[in-house]
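For chain A, the structure is supplied; the task is to place chain B on it using the hints.
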Amino acid sequence: MFRLEDYENIIEKCSHCSYCQATCPSYLAERSESYLAKNRLLLIKETLMHERMPYSKRAQEILDLCLLCTNCSQTCSSKLPVVDIIIAARIKARQDSGGLKQFVMGKMLTQRGLTGALGKAGAIVQKMGIANKEMPRLASKSFDKMYSGTYSPAGEVKKRVAYFVGCGTNYIFPDTGEAVVKVLNHNGIEVIIPAGQVCCGIPPLGEGDLEGARTMVKNNIKLFAGLDVDAIVTDCTSCGMMFKEKAAKCFADDDPLQEQIAAVTAKMWEVTDYLQNQGLEVKPGQLNIKWSYHVPCHRGWSPTVKDAPRQLLAQIPNAELRELDNPELCCGGAGTYFMEHREEAGKIRDKRLEDINNTEADAVLTQCPVCRFYIGFQVKDREVTHPIKILARAYGL
Amino acid sequence: MQGLVKDLTGLLGSALVLSQTEEMLAYANDATHYFKSRIPDAVVLPQTTEDVSKVMKYAFTREIPVTPRGAGSGLAGGCTPVHGGIVMDLKRMDHILEIAKNNMTAKVEAGVVLKKFQDQLEKQKLFYPPDPQSASVCTIGGNVATRAGGPRGVKYGTTGNYVTGLEVVLPDGSIINPGGKFVKQSVGYDITHLMTGSEGTLGVITGVNLRLLPLPEANRTIVVVCESLEQAAEIVAEIIARGAIPGMIEFMIKLAITVMNNFFSPPLPTDGEGYLFMYFDGTESQVEYEAKLVTEICHDMKAKEVRLIEDKKAAQTYWTARANVYPLIQTIFQRATTEDITVPRNKLPDLVRAVQAIAAEEGVMIGLAGHAGDGNMHPSVLFSQVTPELLAKAEIAIDRLTRAGLDMGGTISGEHGIGIHKARYLSWELGDIQIELMKRIKQAFDPKGIMNPGKLWLEGGGGNV
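The listed protein sequences derive, respectively, from chains A and B.
In terms of the numbering used here, the first sequence has 354 at position 354, counting the first letter as 1, and numbering is strictly consecutive.
Just add 1000 to wherever you are in the second sequence, counting from 1, and you've got the numbering used here.
In isolation and in its complexed conformation, chain A is listed as follows:
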């Protein structure tokens, strides 16, 4: 339920060892301990939790500058749920302020598929004054306008999966979605794309808009819970994390929806992770490509998701992986972070680009659409795309 009071004991478990310095992107960009997970927990404790200090503008700024990337928790010896605590704090801050802080993208993401949603998004973007700066170019036709329903393989149906289409793929990169459908079909897997999907809910949740997130989760869970499928796949690691790790926490333990959430999340896979786990039915053809892998931050929800593209693409003859010095460094995109904190996100990306610019690869691959966009905006001399697209290419699809 992301209630701050539920974390009162857990927050005390921070031993101040400061190991979070090794991977926190906002710390690494600024190198001031103010921006460290350790300090954010201290601030939450002093302000919103125990109210010994006012929740000042500066406190809010420091909390807002967290990218919710989860790197601190992955580094933390005791795996403290820092992101959940920060979400709980943002929810409380939002409630305390009467919920006035509007989540700007909320409307667009809950109304996917409705006429005019994209137009509204455009208007919002204009209002934010960022239209001419670094903004993803929306696809001329969104994925849900092109693909909906059941897509069967040419031969025998070996497995059936449902496909959850995230907003990144739906609005910006429908090419990823096409590759997902084609590659799965090519391997004898039937793909069902239920109509009526909306955003997974991570953007509003990250902004502290619990109600907004709940509406989205409820909608999606109801769509997927009743389906007779072997698995549910997504091409986006952040959507996967939202389903797998956050959806259940948005509701009370005894909420009737919990059972359906458990049923859906048990079947949830990132698509390359699923394919690697199942094994490819059809051997990919040769492809002369050198590629580097930018591992998305939201990888903690599956132990194998970060190795799946490496193992999957290793099966393509002549495709050669050139590991980055630091494949797991955050790019600064982080959902809508790059729109709200342009300068800070830019600094984080600059660090990320140091080794991307040094790689001899032709392509930089990543399963996160925001990373793909945000890195791609600066990397023009090589392709930045989703690993499933490379597999589709190797199949000649």
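One should not assume that every hint holds.
[Claimed, not checked] The calculated lysine-lysine pairs, modelled on DSSO-like cross-linking and capped at a C-alpha distance of 27 Å, are: (1) K1107/B - K1036/B; (2) K1181/B - K351/A; (3) K1036/B - K13/A; (4) K1312/B - K306/A; (5) K1123/B - K351/A; (6) K159/A - K267/A; (7) K1101/B - K1006/B; (8) K79/A - K1101/B; (9) K1115/B - K347/A; (10) K351/A - K1125/B; (11) K1313/B - K79/A; (12) K57/A - K145/A; (13) K1006/B - K57/A; (14) K306/A - K1101/B.
[To be verified] Output of the computed footprint for chain B on chain A, the stretches with three or more beta carbons under 8 Å from beta carbons of chain B: (15) 245-253; (16) 272-286.
It is worth saying that the hints were derived from the structure and are not from the lab.
Glycine included, each C-beta is placed from N, C-alpha and C at the ideal position.
Leaving out everything else, chain B in the frame of chain A:
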């Protein structure tokens, strides 16, 4: 402090000065957050030696306390501003200035993160052994200031053994460069090694010259499960006596293994009481020989299980888990205070027995882990609940432990330093004459007493838990 922030901003510009309470919280503590602490009046983030010098000149004139700080991952309260004033955060001075393979030396700025430096060296098949378990974040300047060590101490020594020169900003802002790029020097007092381990009380270390080694070509990891703690300690003493020099020998109790076990596949059996993690490095034939010898010793001495970890990735998980033991233990207990007693290696079994006896007699839980190979143990008093009664008992237990270690010919700190944590015991080890001498040295470097005041020696009322 009137005008402090304005003055500092004038010196460095506003981007390098922090002063809001929301930011100061982070700088009040190190990893000993349970000790008395207060937030600083300001934090500066110098980027150059000149920046440091400017701030020191100012602080010297105004007699404002200055506490140098690296990662803040220390275990003795060494970098905390107990008298307020300015915290000098050196993490932005993080350039590796030179790696001279032809001279086997390097020069770095104080804020370089140890692991980053070691990764760079490894690419050139070079090796800088000191390995405090916080290597992923701790800074080399902080390592020098605390003479940081780690598991490799048994074979390779600690930070102090690798420092050949320094750049230091003295309290009045003047800059000195004791030592240099050479590996030997016989010129007057050894200021380089006086600054090493001075815990920020004599000046600010801004640059470090280090000696390097070639990267060993091969390694082996062996894990030994022992019936009892004494058995583990005796095995260590025997290994040392037989002339094997492992790169690391880590000693742990069952409790540590239970918290580490989710790192391992398969998990370690938990029916032992003492556990040894050993690492051998050198040439292929050397590690082969030593691993075989040590395996024989362990079998001869009836160890329950001897596991040779062949797979490199699997071996790494044991060392990663080892690096995380202290924070892991902190998550189970409300508090865990870590001691740093180091005894002659043949006394290790005695120390282990003393720890067990004192824990039983005083009625406190004491966890035991440490770098057994060099006699450096980290007994930790574990509090499930911090109560005044338990604190009083713990205080007596730690006093007794410390006394026992000293009686065995040991020292109160092998690698963490004194800070505020061990100030209470300084006179036990050094005696009044040495402390007086040290105070005169302090006076010579820092006549106004502005460098990291409140550290090293007792100012009255110092606790140990």
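Results for each hint:
no. : hint              : result
1   : K1107/B - K1036/B : 36 Å, violated
2   : K1181/B - K351/A  : 31 Å, violated
3   : K1036/B - K13/A   : 18 Å, holds
4   : K1312/B - K306/A  : 20 Å, holds
5   : K1123/B - K351/A  : 20 Å, holds
6   : K159/A - K267/A   : 13 Å, holds
7   : K1101/B - K1006/B : 45 Å, violated
8   : K79/A - K1101/B   : 39 Å, violated
9   : K1115/B - K347/A  : 22 Å, holds
10  : K351/A - K1125/B  : 25 Å, holds
11  : K1313/B - K79/A   : 21 Å, holds
12  : K57/A - K145/A    : 43 Å, violated
13  : K1006/B - K57/A   : 21 Å, holds
14  : K306/A - K1101/B  : 36 Å, violated
15  : 245-253           : violated (count 0)
16  : 272-286           : violated (count 0)
Of the numbered hints listed earlier, those contradicted by the structure are 1, 2, 7, 8, 12, 14, 15, 16.
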